[in-house]
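Trainee: When you get a sec, could you build the whole thing from the sequences and use the hints?
Residue numbers (the UniProt record's numbering): 1 to 284.
Among the hints, erroneous ones may be present.
Claimed, not checked - Restraint-style ranges between C-beta atoms, simulated for each label pair:
| no. | residue 1 | residue 2 | range |
| --- | --- | --- | --- |
| 1 | P92 | N14 | 16 to 24 Å |
| 2 | A226 | A98 | 23 to 31 Å |
| 3 | K275 | D142 | 34 to 42 Å |
| 4 | K67 | E138 | 43 to 51 Å |
| 5 | T135 | K107 | 36 to 44 Å |
| 6 | D68 | N14 | 19 to 27 Å |
| 7 | V176 | A50 | 51 to 59 Å |
The set of hints was computed from the structure by calculation and includes no laboratory data. This one's a predicted model, so the numbers in the text were calculated from it and none came from an experiment. No residue lacks a Cβ here, since even glycine has one placed at the ideal position from N, Cα and C.
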Amino acid sequence: MRRFLQCLELFEENERKKLAIFTALTFSQKLSGLPPETVFQPLLKDNLVAKGLVLSFITDFFKEYLKDSNIDDLIALLKKGKMEDNILEFFPTAKRNAEGFSEHFTKEGLSSLVEYNQKKIFDVKLKEMKSALKTQIEEETDISEVIEAMKLQVRDSNMPDIEVVRLLWDVLMDAVQWSGKNQQQNANAALRQVKTWAELLNAFCTSGKLELELIYKVQVQCYEDAKLMKIFPEIIRSLYDQDVLAEDTILLWFRKGSNPKGRQTFVKSLEPFVKWLEEAEEEE
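Mentor: Listed below in structure tokens is the structure:
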């Protein structure tokens, strides 16, 4: 098999396609115990890659394999063959980038592979942004610098605004020095973090939709983390006091919020604050 794969240029196009289909079937139909690396690694021959023969072969391989298997099976196969993170090595140098990947496999009808790769890229960028923000928070970097750096990263990564809001809250809460058992200390620490970094949250919660997403994020964390369960209303009040959340957004969540996690408990705990908001609104 190795000899055939390294001599692809000696075959006609239809013969290469038949070989790709046959090779895919040996895996999808489990026709042999052939180790995946004995197929993928021999393909990485510079002259074959440069001519686009390897990309054509592997595309036909993917198409055939995915007829009877799903994308998770394909990724598992690539992982065994030590190619999960190196699919771009099948591409000629000029096309060896994320855009080239998406353009080629979209054109070939392999949208599931494109979606997998886009998610992988997104996850890497998300991890990098979280790491950078965590470092800035730990070093107590000036908030204006953090905001500018974050805006630059968001622009370069094309990250959706909703994901940015989720990321900010996750990192801010992860950076809190929690007490093992002291509930009051934990409450104070969380509220102090909100107050300290409210300007950062405010810079990215630029619409009612994003403010609502932040409330949902707080809701889920308070539901899943016992030490925060009782301070949901205090966090919301603090975010309101710091002008991160608007009154209309809080009332919308209170009346029509769609996330069920702990909703009944949190709605009840927020009632006094909502009543105060409504009374203040009536007075105006």
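Trainee: Determine for every hint whether it applies to the structure shown.
Mentor: Verification of the supplied hints:
1. Checking the proposed 16 to 24 Å range against P92 and N14 shows it holds: the Cβ atoms sit about 21 Å from each other.
2. The beta-carbon spacing between A226 and A98, approximately 41 Å, falls outside the hinted interval of 23 to 31 Å.
3. Hint check: K275 to D142, Cβ distance near 38 Å, so the stated range 34 to 42 Å holds.
4. The given range of 43 to 51 Å is respected by K67 and E138, whose C-beta atoms sit roughly 50 Å from each other.
5. Distance hint check: the CB atoms of T135 and K107 are about 40 Å apart, consistent with the given range 36 to 44 Å.
6. Roughly 22 Å separates the CB atoms of D68 and N14, a value that falls within the hinted 19 to 27 Å.
7. The hinted window of 51 to 59 Å between V176 and A50 holds, with their beta carbons roughly 52 Å apart.
Comparing the model with each numbered hint stated earlier shows that hint 2 is the single one that does not hold.
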